[in-house]
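Enquirer: Position chain L relative to chain G; hints supplied.
Take a look at the letters that make up each chain.
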Amino acid sequence: MIECTNISKTYVTGAMETPVLKNVTFTINDGEFVAIMGPSGSGKSTLMHILGALDTPTNGEYKLDGRVVSQLSDDELAELRQSKIGFVFQSFNLLSRTSVLRNVALPLVYAEIPEEERLARAAKALKAAGMDESRFHHMTNQISGGQMQRVAIARALVNDPSLLLADEPTGNLDTKTGDIVLGTFQKLHTLGHTIVLITHEPYVAEHANRIITIKDGVIISDIKNTHVRAITTSHDL
Amino acid sequence: MKTEDLIAECYNALTANKVRTGLTMLGIVIGIGSVIAMVSVGNAAKSSIESSIQSIGSNLIIVSPGSAKGIGALVSSGRGSSQTLTREDGKAIDAQISLPHTTEMENSTRGQLVAKGTNTNTRIIGTTASYATVRSVEVSLGTFITDDQDKGTSKVVVLGPTTRDDLFGADADPIGQTVRINGNTYRVIGVTKPKGGSGFLNQDDVVYAPLSTVQHYLVGSSFVTTIAIQAASPSDMATIQSEVTAILLDRHHISDATQADFTVQNQTDIVATASTITNTFTTLLAAIASISLLVGGIGIMNMMLTTVTERTREIGLRKAIGAKRKDISAQFLIEAVLLTFAGGFLGILLGWLIAQAISSFAGIAATITPSSIALAFGVSAAIGVVFGYYPARRASRLNPIEALRFE
Chain G
889 MIECTNISKT
899 YVTGAMETPV
909 LKNVTFTIND
919 GEFVAIMGPS
929 GSGKSTLMHI
939 LGALDTPTNG
949 EYKLDGRVVS
959 QLSDDELAEL
969 RQSKIGFVFQ
979 SFNLLSRTSV
989 LRNVALPLVY
999 AEIPEEERLA
1009 RAAKALKAAG
1019 MDESRFHHMT
1029 NQISGGQMQR
1039 VAIARALVND
1049 PSLLLADEPT
1059 GNLDTKTGDI
1069 VLGTFQKLHT
1079 LGHTIVLITH
1089 EPYVAEHANR
1099 IITIKDGVII
1109 SDIKNTHVRA
1119 ITTSHDL
Chain L
25 MKTEDLIAEC
35 YNALTANKVR
45 TGLTMLGIVI
55 GIGSVIAMVS
65 VGNAAKSSIE
75 SSIQSIGSNL
85 IIVSPGSAKG
95 IGALVSSGRG
105 SSQTLTREDG
115 KAIDAQISLP
125 HTTEMENSTR
135 GQLVAKGTNT
145 NTRIIGTTAS
155 YATVRSVEVS
165 LGTFITDDQD
175 KGTSKVVVLG
185 PTTRDDLFGA
195 DADPIGQTVR
205 INGNTYRVIG
215 VTKPKGGSGF
225 LNQDDVVYAP
235 LSTVQHYLVG
245 SSFVTTIAIQ
255 AASPSDMATI
265 QSEVTAILLD
275 RHHISDATQA
285 DFTVQNQTDI
295 VATASTITNT
305 FTTLLAAIAS
315 ISLLVGGIGI
325 MNMMLTTVTE
335 RTREIGLRKA
345 IGAKRKDISA
355 QFLIEAVLLT
365 FAGGFLGILL
375 GWLIAQAISS
385 FAGIAATITP
395 SSIALAFGVS
405 AAIGVVFGYY
415 PARRASRLNP
425 IEALRFE
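Residue numbers (our numbering), protein chains in the order written: chain G, 889 to 1125; chain L, 25 to 431.
With the rest of the complex left out, here is chain G (with noise of 0.2 Å):
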């Protein structure tokens, strides 16, 4: 469960100060699908990394399952990333030259899980993201953006994560890879998974079941997404 509460986030350049989100206040609960919509220079980034325990807030709460996010150290933020967040970024950053299965099983490995639990959980969240099982001792520099995309959304999985962060995720993807990319997150969510979509593209943000649209650093709009765009596309990658 997330709750943010007044979160305000300001960036002072010299004597310069950009408000950037401005006393924001939304829940999302445990198993939701949300897309935060919104243009670029929105604040919708930003509050992606407050919500990702990667930046905090200038100001408010944020309470992720329960615990004060806003006020941890560099290192508490790192433990609690490892266990509680899940990131899928737009580029992949996969590490290149590195098998699949490395690839995904390496959060674990900043959470001291010994290797062979590693590998087997690494092949079971890449079996979830859809991932055949022949591929995976491909290095990641031999597979096409599709399967990266794959590949990085079992690396969030791994941990099974409280929350699924997803960076404009098919920003770099054809719009058929893209499709199969989202049914991948429509079938996570039907598991039970919470997942946050970040995106600029209305069509993305369609596939989620509830759209909180930002804009100038303002929650506009917090609606519940009747008509949830389904994939039809069944092609695998």
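Keep in mind the hints are simulated off the structure, nothing from the lab. Please note: incorrect hints may appear among the correct ones.
[What the hints assert, rightly or not] Straight line, CA to CA, 25 Å or less: simulated BS3-like cross-link-like pairs of lysine-lysine:
1) K179(L) with K217(L)
2) K972(G) with K70(L)
3) K1064(G) with K1075(G)
4) K972(G) with K350(L)
5) K972(G) with K348(L)
6) K1075(G) with K1112(G)
7) K348(L) with K951(G)
8) K140(L) with K179(L)
9) K951(G) with K910(G)
10) K910(G) with K1103(G)
11) K951(G) with K1112(G)
12) K1075(G) with K972(G)
13) K175(L) with K1012(G)
14) K26(L) with K350(L)
15) K175(L) with K115(L)
Expert: Here is chain L on its own, set in the frame of chain G:
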């Protein structure tokens, strides 16, 4: 993060980009290798020069007439320089020195030697029997000059191996044959063993004859050009040197030592003079080596800095998925250590191979000293670790968002 996982991560990171790892190591290998090779060759040259000096004889005190002429004075001093030393001076020195010693006297000249149909121009050393002991001359055939032959002004010669080769052919046995010098016939009584290792001139192209014979038939004077005294041990040399000086000053009736008409040189002084030459040589090599070390070091530094900069995004990702600061800095530190140590090991190997190659091609014994290994390895490892760790530490403190956005 567990230690075994940390090492596995480092190993994977290093093997994932073999070209980058290889290039980084190459800098270290060349830096260390060249320093080790340079220093070992420098030391070999130095010890080769020193052993050349030792081959003249050991623990020698050399008295020559007139003023000193550096190292040259001991091998061919004499003709043209002042004639102030006599056989009596030598005998007096031999009789009056208090410590154990051996004395020999020489008067050397050059002359034309004629055998059956062949001839050569060489150095003729007129000397006493003790020459063989003092100058470490050994005879391979026949005998060396005896005191009786000196007393009797016998016309006998002992040939150096090169002179023997020139006159009678290589490896011939000339004992009992005759050679002519200045119209007189001399009987060959011996051939010396090659001395080898001569740095200054060929010590094998020589003829030995009794001192009195050379004085009487070839030089026509009773002077000697060199008196050499061999001390029993190096610690006696200073005492003998001052005794010799006192004896000669007294015999020549000179009260002011600065006006002496002779020079007493201690072999240690000669070695010291030669050492200044070899030290200059070593300094030169060390300078070249330090430049290679510096260049190698800058190479290592560049590779480490670019590697870490190149991997900023990776650092951002690792932080995003839960790596703590110490996990990041530990990984880069261990990578730097693994790189410099592997590179250092190969560098030592390369240096050793170069030293071996130079030894076999140039014929000098290039040996690797632990100090050169320590120096080269220490400097490279320090550079590698500092410049591998410092940017990693900086990167580990980066905000993961900024690190992930890094292009």
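Enquirer: Hint by hint, say whether it matches the structure.
Expert: Here's how the hints hold up against the structure:
1. The straight-line distance between the Cα atoms of K179(L) and K217(L) is roughly 21 Å, inside the 25 Å bound, and the hint therefore holds.
2. For a cut-off of 25 Å, the pair hint linking K972(G) to K70(L) is broken: about 68 Å separates their Cα positions.
3. Among the hinted pairs, K1064(G) with K1075(G) is consistent with the structure: their alpha-carbon atoms are about 17 Å apart, no more than 25 Å.
4. As the CA atoms of K972(G) and K350(L) are separated by approximately 20 Å, the hinted pair is consistent with the 25 Å bound.
5. Simply put, K972(G) and K348(L) have alpha-carbon atoms about 15 Å apart, close enough for the 25 Å limit, and the pair holds.
6. Under the criterion of a C-alpha separation no larger than 25 Å, the hint pairing K1075(G) with K1112(G) is consistent with the structure, at around 19 Å.
7. For the hint pairing K348(L) with K951(G), the CA-to-CA distance comes to about 21 Å; that is within 25 Å, so the pair holds.
8. Pair hint K140(L) plus K179(L) holds up; C-alpha atoms about 18 Å apart against a cutoff of 25 Å.
9. For the hint pairing K951(G) with K910(G), the CA-to-CA distance comes to about 17 Å; that is within 25 Å, so the pair holds.
10. For the hint pairing K910(G) with K1103(G), the CA-to-CA distance comes to about 10 Å; that is within 25 Å, so the pair holds.
11. A C-alpha spacing of about 22 Å is found between K951(G) and K1112(G), which places the hinted pair at or below 25 Å, so the restraint holds.
12. Distance check on the hinted pair: K1075(G) and K972(G) sit about 20 Å apart at the alpha-carbon level, within 25 Å; holds.
13. Taking the CA atoms of K175(L) and K1012(G), the gap is about 108 Å. The hint is violated against a cut of 25 Å.
14. Pair hint K26(L) plus K350(L) holds up; C-alpha atoms about 12 Å apart against a cutoff of 25 Å.
15. With a CA separation close to 14 Å, the supplied pair K175(L) and K115(L) stays within the 25 Å bound.
Of the numbered hints listed earlier, those contradicted by the structure are 2, 13.
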